[in-house]
Every structure is written in structure tokens, then in C-alpha cells.
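Protein chains: 2
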Amino acid sequence: MAVYTEVSDEALTAFLAEYDLGSLLSYKGIAEGVENSNFFLHTTAGSYILTLYEKRVREEDLPFFLNLMGHLFRAGLSCPQPVKNRRDTALGSLCGRPAAIISFLDGVSVKRPTVDHCRELGRALAGFHHAGRDFGMSRANSLSVDAWRPLFEQAGAQADTVAPGLAERTRADLSLLEASWPHDLPSGVIHADLFTDNVFFIGDALSGIIDFYFACTDALAYDLAICLNAWCFEPDGRYHRDMGAAMIAGYQEHRPLEPREVEALPILARGAAMRFMLTRLVDWLNVPPGALVQPKDPLEYDRRLAFHRKSSHATDYGWSE
Amino acid sequence: MAVYTEVSDEALTAFLAEYDLGSLLSYKGIAEGVENSNFFLHTTAGSYILTLYEKRVREEDLPFFLNLMGHLFRAGLSCPQPVKNRRDTALGSLCGRPAAIISFLDGVSVKRPTVDHCRELGRALAGFHHAGRDFGMSRANSLSVDAWRPLFEQAGAQADTVAPGLAERTRADLSLLEASWPHDLPSGVIHADLFTDNVFFIGDALSGIIDFYFACTDALAYDLAICLNAWCFEPDGRYHRDMGAAMIAGYQEHRPLEPREVEALPILARGAAMRFMLTRLVDWLNVPPGALVQPKDPLEYDRRLAFHRKSSHATDYGWSE
Numbered sequence: 001m002a003v004y005t006e007v008s009d010e011a012l013t014a015f016l017a018e019y020d021l022g023s024l025l026s027y028k029g030i031a032e033g034v035e036n037s038n039f040f041l042h043t044t045a046g047s048y049i050l051t052l053y054e055k056r057v058r059e060e061d062l063p064f065f066l067n068l069m070g071h072l073f074r075a076g077l078s079c080p081q082p083v084k085n086r087r088d089t090a091l092g093s094l095c096g097r098p099a100a101i102i103s104f105l106d107g108v109s110v111k112r113p114t115v116d117h118c119r120e121l122g123r124a125l126a127g128f129h130h131a132g133r134d135f136g137m138s139r140a141n142s143l144s145v146d147a148w149r150p151l152f153e154q155a156g157a158q159a160d161t162v163a164p165g166l167a168e169r170t171r172a173d174l175s176l177l178e179a180s181w182p183h184d185l186p187s188g189v190i191h192a193d194l195f196t197d198n199v200f201f202i203g204d205a206l207s208g209i210i211d212f213y214f215a216c217t218d219a220l221a222y223d224l225a226i227c228l229n230a231w232c233f234e235p236d237g238r239y240h241r242d243m244g245a246a247m248i249a250g251y252q253e254h255r256p257l258e259p260r261e262v263e264a265l266p267i268l269a270r271g272a273a274m275r276f277m278l279t280r281l282v283d284w285l286n287v288p289p290g291a292l293v294q295p296k297d298p299l300e301y302d303r304r305l306a307f308h309r310k311s312s313h314a315t316d317y318g319w320s321e
Numbered sequence: 001m002a003v004y005t006e007v008s009d010e011a012l013t014a015f016l017a018e019y020d021l022g023s024l025l026s027y028k029g030i031a032e033g034v035e036n037s038n039f040f041l042h043t044t045a046g047s048y049i050l051t052l053y054e055k056r057v058r059e060e061d062l063p064f065f066l067n068l069m070g071h072l073f074r075a076g077l078s079c080p081q082p083v084k085n086r087r088d089t090a091l092g093s094l095c096g097r098p099a100a101i102i103s104f105l106d107g108v109s110v111k112r113p114t115v116d117h118c119r120e121l122g123r124a125l126a127g128f129h130h131a132g133r134d135f136g137m138s139r140a141n142s143l144s145v146d147a148w149r150p151l152f153e154q155a156g157a158q159a160d161t162v163a164p165g166l167a168e169r170t171r172a173d174l175s176l177l178e179a180s181w182p183h184d185l186p187s188g189v190i191h192a193d194l195f196t197d198n199v200f201f202i203g204d205a206l207s208g209i210i211d212f213y214f215a216c217t218d219a220l221a222y223d224l225a226i227c228l229n230a231w232c233f234e235p236d237g238r239y240h241r242d243m244g245a246a247m248i249a250g251y252q253e254h255r256p257l258e259p260r261e262v263e264a265l266p267i268l269a270r271g272a273a274m275r276f277m278l279t280r281l282v283d284w285l286n287v288p289p290g291a292l293v294q295p296k297d298p299l300e301y302d303r304r305l306a307f308h309r310k311s312s313h314a315t316d317y318g319w320s321e
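These protein sequence lines map, in sequence, to chains A and B. Start counting the first sequence at 1; every next residue gets the next number (full-length UniProt numbering). Start counting the second sequence at 1; every next residue gets the next number (full-length UniProt numbering).
To be clear, the hints were calculated from the coordinates, so they are not data collected in a lab. In this text, all values refer to a predicted model and were calculated from it rather than measured experimentally. Don't take each hint at face value.
Which copy is meant is left open, so a pair is good if it fits within one copy or across any two.
[To be verified] Listed below are the simulated DSS-like cross-link pairs for lysine-lysine, each with C-alpha atoms no more than 30 Å apart in a straight line:
(1) K296 / K55
(2) K111 / K84
(3) K55 / K84
(4) K310 / K55
(5) K84 / K310
(6) K111 / K55
(7) K84 / K296
(8) K296 / K111
Could you put the whole structure together from the sequences, leaning on the hints where they help?
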């Protein structure tokens, strides 16, 4: 959580002159997001988030993300709406970085989700998939099964310094995942990073979804598998089957899973855990000196993988007929 | 700029239950302030700043700061208003830290102040001194002339690693300041840290003053001398006499300086520069590993001291009859 780029009042005022957002009342850098610089922005027209995209986001992907947000918002999803400038584009430039203004969304992220939160999340995820159906753009998932072995090779011999045996069991998992990864499931736009920090609640009601910067085109059920990993485990690797059951049931209220998706759920969940274990492992082993961001523990996902290795049926995750 | 303490939704909700602020809509850590953790807080009652006081603020000083804000707000100054909880106190406890909620103030800090900004600041400073007149509490300035030599001894032999000759010229200045520091000037509550980041403007109008955590009881003209240092110099040490003149004139519209204050202005300005040079020097030489905050350059104030050494009369700062 950090602000990587300082924005002066003069630079911001010049930037805002391209928008119909009235005049500037205040802005504050917010300690949120690990990839970009974000500012809370208040103008006479309302409250917004100003994002400056830092180097980890590929500039050529930004139109996909911003158009997707606009599409989902118009489809009725509660998500930030990109604000277009007078040149009719949501993507501008500020302090030498690509920059965008999106509407401010109220809501609070829950640190410890309950069964009810999981049910709400399942419903919202199906709503997201539904709203994305007729989105015209596509973007390959650059962090899917083909990317995992190259990621693992980056960690290489260092993996076992993080946990004994990590290299061997990861290699075995990778072989299995590569051999059995399903490629024919119903696909569409997925969020691909719907962790608790990207979901807002007001009271017990889900109020919105944010941070679409990993969104891509992939199997819809894989998105659900990511959420099961992100929401229904304890850090020690214990799975809350009741939370998983509520999430799956909430999802199925709006979009019933097809039999082949139900069958694939365990391998998708195992793959999702592998994806986050690997990116965390690489970040863990490559903390730059003076880093502002504390890397996340890859072993949380290694422990989830231990659960997935023992789970062969969707019922293990809480699915029921 | 950093958030030192993470606050969970559960902890915050429990904390807010002691306040009449409706229900929580959102909160975000803001990258502002180097001493404390600050959050933008939105509830059904409005917008606020939540501050958790970290270890550099002495807990026993907090009632002074919070009562002062309340006093100044009631006296009509545009500054944050501390919000009292149901136990009728503005000071609570959150995540093991003293914590307070204050009203959110719109406005933008200017990075490069103009002559007009300086005049506005002068007026607001006199208004601050006026509003503080009947404040019943007092707090000694722990960073005044008596504190400077001990601060300098902390840097000691390392001073010359920052700039050649820094130790010798600082020692000479300290002797002069200690010998000639005025102790009989009109005194009262001063802000003592009114840098540009602590002053908000909306358009060209000053909209508020924030961050009272260095406020103390001291010579009123010393506060003006701090502002002349903070607002009217280029980083290379050049003084903008026209900006100083505007600030002094703005101040005198509301509170004309007494002759002894005019006479003392050069030594006060020199002392103010010394105070910030020294605290910056100590911070510069003691950056903890993994620090989230980039220390400020002490040499900016060493260069200001060079100007002050050549300036013996208030007219050098822009004062005129």
C-alpha cells in the first residue's frame, strides 16, 4: 500500500481542466493497492478515485479494464464508473503516467468473511459473469496454467529456502495440473482477483466490486475457484466447507453450474491456489530494497494446496445437488 | 507518508459504536502525515479523518492538541473539529493506540505558493493567534532555543558528512542564538509547523489550517518567522522578499506587530531555520532500515541560514512601516 507518484496541485488542476468535474476541493493519496498510485478526489461534482498506473500494469491493457468497468456499470453492476474527459476517453496522462478517474464507491472490505458474506459474494460473482456476457473485448489470462511453470522456474532452487520440500511438491502439482487442466469450460470475462479487499459491504449487504486490473477472458468456474481459495480458508489451511457451500449456492442462484464445471471444480481450485502461491513466491524472493509493500506469504497457498490434493470432488468444497 | 497501523473493519465498527456518527460507509488509509496513521472516514453522518497517534506523539499532549482544535473551531477558525464520543471526550483508543476523529476539511495544499497565497496565510496566522488568545491551556515549546544544542549534539561529528563546514557554522549560529534569543515578546498559542502541507486552499482562498500536533505556547512573532522560512524561500536558499512582504502585511491587517517584534524578526527567522535544519539533520542521520518515509533535506535550511546571517533588519524580510 503506497503512493508511488506525487501529484502536485498544479499538475492535478491542469489534468482536471480536461474533465467536466467542476472545481477541485481536495485530494489525498490513499494507501491502497500494491500496483498503482491512488488518490481520493473530491470536486464540486462529487467524490472520485484518481489512479495513476505504475509500471506493473501494461498500458495496452488499460482500454480493456476501463471499457470493462464502463460496460459492467451500464449493465447494472455496482462497480466504479470510469469518467470520460472532453476527448471522450477515460484514459488520460498525469505526471508522465497513464491515469484515469473513476467514481468513488462506498463500502468496507471485511477482513474475516462470514457464511453470509460468502453467499453474497457468490451472488455478486454470478452477476458479474452475467453482466460481462456481451462485453465485446477479450484479454488472455496471462497468469493461467501455461504461465505457472515459467513462474516456478523464476523461484527455482530458492523455493526450498521458503519451505522444505516446496520445490518437489510444486513440481508434482504442476505436472498434474498441466496434464488435466480443462480447456473446454464455459468462458467469458472473469475478475480473477476477487479477494476480500476488492469487495465492499455496507452493513451485511455487498455494495460493490472494485479493482479490475487482473480481469481477463477465462473459464467462469475458475473465477469461483479463485474466490473459494480467497474467502473460505483459514491462514493455516483449514477449509470452511459451510462458507464454500454458501458461496457456491449464492452463485448458482444466478448461474447454475454445468455438470462439467462441477466436475472440474477441484482441479480449478487447485490451479487457483497454485497461481497465487507462485506469484507470491516470486514476489517473496524478489523484495526490492526499500520496498514500501510487505510481500504476502506464499505458504498460505502452499497449505491450501495440501487441502486441494486431498479433495477430488466438488462436494469437498460444499457443492450439493 | 504512511499508514503505520492497520485497522480492521471489525475494530473500527466497534470503535464507532461509541460515537453518534451513524453507520460506517467507507474508510481508507491516507498517505499523509509522517507521525501518525490517518484514515479518510465516511459515515452516514458525513466525512471525517480518523487519526491513530503513533509513538512520536506524546499521549499526555493529546488533550492540549484536541482541546485547542475544538477551541479554535468554536472561535470561528476554519480547522478540523474534534468529534466527541458518548463519554464526552474526543480521545479514544483503537488498535492499542490513542485515536481521535476530526471533521474532514476540504482544500488543497499548494506546492509552490504565490504572493497571494502568502498574504492569505499571513491573515490566517493572525486569525489563528487571535482565536487562541483565550485558550486556557498551555504547553511549552519543546523544540525552542534550549533544545537546539542537545539536538545538534545528537548529530555530532556526523554533521560534516552531510555538508563540509556544517558543524562549525551551526555551532557559531547556536552561540549567537542562545545569547540573543528574545524572551519577552508577546506570546500565546502558536501553530509552530504551518508549512504549505498544513494549509488548504480552494481556488485562491485559504480554506483551512490542519495538523496542530506541534502547537505550543511561544512568541507569536516566532510563528510568523517559521512561516517566512516555510513559504518564502526557494530550495536553493533564495528569499522571495515580495512573498515575505505580502505575508507580513497580511498578518498586520489583523494583528499589527509591536516594535520589539519587528526588531526581533531577523533573529526569530534565523532561529526558526535552525530548528528545522536540526530536526531534519537528526532525522537524516537516523533513517531506520525499511523506513516508509523519505527524510527531508536538512541542507535546504542550512541554505536559508546563510540568508539569515546576512539579514539584520525586518526590512530584509519585506517588513515596511
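Taking the hints in turn, this is what the structure says about them:
1. K296 / K55: both (20 Å within a copy, 26 Å between copies)
2. K111 / K84: between (33 Å within a copy, 27 Å between copies)
3. K55 / K84: Within one copy only: 23 Å inside, 43 Å across.
4. K310 / K55: Neither: 39 Å inside a copy, 47 Å across copies.
5. K84 / K310: So K84 and K310 fail the 30 Å test inside a copy (49 Å) and across (54 Å) alike.
6. K111 / K55: both (28 Å within a copy, 25 Å between copies)
7. K84 / K296: neither (35 Å within a copy, 37 Å between copies)
8. K296 / K111: within (15 Å within a copy, 35 Å between copies)
Against the hints set out earlier in the document, violations occur for numbers 4, 5, 7.
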